[in-house]
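Residue numbers (this note's numbering), protein chains in the order written: chain A, 508 to 756; chain B, 201 to 475.
No false leads were slipped in.
Derived DSBU-like pairs: lysine-lysine, alpha-carbon spacing no greater than 35 Å straight-line:
1) 577(A) <-> 525(A)
2) 204(B) <-> 604(A)
3) 598(A) <-> 202(B)
4) 357(B) <-> 622(A)
5) 202(B) <-> 344(B)
6) 606(A) <-> 206(B)
7) 357(B) <-> 619(A)
8) 357(B) <-> 686(A)
9) 468(B) <-> 686(A)
Rather than coming from a laboratory, the hints here were simulated on the basis of the structure.
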Amino acid sequence: MNTILEVKCLEKSYHQKKAVNQVSFQVSKGEIVGIVGESGSGKSTIARMICRLEDADQGNIYLNGENITKVIHKQQREIYKHIQMVFQNPKESFHPKRKLGTSILEGMRNQKISKKSAETRMYELLKACELPLEYAVRYPHEVSIGECQRAAIARALATKPSIVIFDEATSSLDVTIQKQMLDLLHHLQKQDDLTYIFISHDLALVQQFCHRIIIMKEGRIVEEGLPDKLINNPTTTYTKELIEAAFCW
Amino acid sequence: MKRKSKCLLFSILAIGIVTIALIAPYITYYDSNKQDLMNALQPPSKEHLFGTDRYGRDMFLRVLVGARCSVFSTLLLVFLSSVFGTTIGMICGYFEGIVDTVIMKLSDVFLSIPGMVFALAVAGVLGGGIANAVFALLLISWPKYARLARSQVLSEKRNTYVDAAILSGSNTIQIIFIHILPNIFGMVVTTALLDIGTMMMELAGLSFLGLGAMPPTAEWGLMMSSGRSMIQTSPWVILAPGFAIFITVSIFNLLGDSYRDWMDVRHKEKGSTSK
Ligand SMILES: Nc1ncnc2c1ncn2[C@@H]1O[C@H](COP(=O)(O)OP(=O)(O)OP(=O)(O)O)[C@@H](O)[C@H]1O
Ligand SMILES: [Mg+2]
Chain A
508 MNTILEVKCL
518 EKSYHQKKAV
528 NQVSFQVSKG
538 EIVGIVGESG
548 SGKSTIARMI
558 CRLEDADQGN
568 IYLNGENITK
578 VIHKQQREIY
588 KHIQMVFQNP
598 KESFHPKRKL
608 GTSILEGMRN
618 QKISKKSAET
628 RMYELLKACE
638 LPLEYAVRYP
648 HEVSIGECQR
658 AAIARALATK
668 PSIVIFDEAT
678 SSLDVTIQKQ
688 MLDLLHHLQK
698 QDDLTYIFIS
708 HDLALVQQFC
718 HRIIIMKEGR
728 IVEEGLPDKL
738 INNPTTTYTK
748 ELIEAAFCW
Chain B
201 MKRKSKCLLF
211 SILAIGIVTI
221 ALIAPYITYY
231 DSNKQDLMNA
241 LQPPSKEHLF
251 GTDRYGRDMF
261 LRVLVGARCS
271 VFSTLLLVFL
281 SSVFGTTIGM
291 ICGYFEGIVD
301 TVIMKLSDVF
311 LSIPGMVFAL
321 AVAGVLGGGI
331 ANAVFALLLI
341 SWPKYARLAR
351 SQVLSEKRNT
361 YVDAAILSGS
371 NTIQIIFIHI
381 LPNIFGMVVT
391 TALLDIGTMM
401 MELAGLSFLG
411 LGAMPPTAEW
421 GLMMSSGRSM
431 IQTSPWVILA
441 PGFAIFITVS
451 IFNLLGDSYR
461 DWMDVRHKEK
471 GSTSK
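Here chain A stands alone, though its shape is the one from the complex (with noise of 0.2 Å):
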């Protein structure tokens, strides 16, 4: 399988404590990789790192075998037509004062694709993300927490890119609506290809949506490996904690 992302010896510190610590990991296309790890455990600096919204300490991270490490300005900004980001509060991550419409056009327009174009790829991605598509002249203020993920999902993918990382993207959603979410980003992948990094804390659901999982604790890969593999005979005691937890009711 080709490797589309590999992360090399990450670290980061902040005051002196390391929060992510010799991490080293591949994911090849069209892989869904789950990182799961209690809270504290490094995952959203990792998926920060891999964005550049935060700078390594140490290690390196390649995209499609380019060093994108350090890479800034415009070489930074080209990144994003194949890494996009969802994150855990689909509110805060829109602007207060746009319509959401609007951010979903920005990383299209920002790649100078014409307006009306732009336009017509965004009405598409909120079909495929099941949203109304007066959604776009909505403010965030003006819809459900979980309509407002699913139009996260769509910015995410406007610009086409191959990886998507979801930190948390499921976690402020209730129950139904998380499943539905899932199905949608399962459909979404198969139809586009797509490399998913799933960061979750919740094992049972990485375990389900996941062709594999990364086990984190204290800012260290413990554990990593196939799901059903990883959940039915687990080498660390971590991870069995983890398993207890996720399984116990």
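Got chain A; can you put chain B with the ligands on it based on the hints?
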């Protein structure tokens, strides 16, 4: 809604003042600087609503015409200092780092000197003239906006919508001025509106001290200054421009207050995500 109409009322009054300032020189049928010594120091009458000054110039006319110099130089001053200060503050807040430290230390220096004394010194060095007075006050008034904008940007830039904007491929200028600015704009406008009154007083103060507008320009501070020796014999000479300053300052302050109240309400109603 009540707050909105209050804000609207004061905006109309403020616009009224600006309009007077704008058209006064064109609607008056004789020159406000024309002397008529035969009619010097006349008390208010039908013919001269606010009386005349010691050169026989109609005070009502001069107060109207003086609005132009007083109001416009104040508005220009507040506009320049808020735009300049906000821009500097936003850039500092967004990038932080060494440039930020240096500029903020510099603004600390400006803030630590008593404003009027500093303006006096600057205007003294540059010499009189309304432009120099505006410049002097500009130097002491921008740091307030820079501090405000900086602290706002520091908290605003941690919001996820900024990350999302970066991921949409927006460049730094777009992020600062298109994404963040609208969210701190209300705060800046409120500060600027409330600043108009203060600045008008300070500008009038400089003129009063002979460091602002130069005679024979009709400017309220200067008019008060040149009338001060006659306060006992012909009080209208000083009362007319003083009253004009009082009214104008009050209206702009009330406008600032009501605008702030209105913004507060709107903020709460929307349940805006920006903290
Ligand atoms: N901007 C920051 N400044 C200081 N410390 C930070 C910052 N961001 C993250 N950290 C610290 O880094 C560690 C990892 O944080 P991170 O957000 O990556 O965890 P997480 O796995 O995403 O947790 P959660 O499940 O709660 O989202 C935490 O200990 C956190 O306190
Ligand atoms: Mg997180």
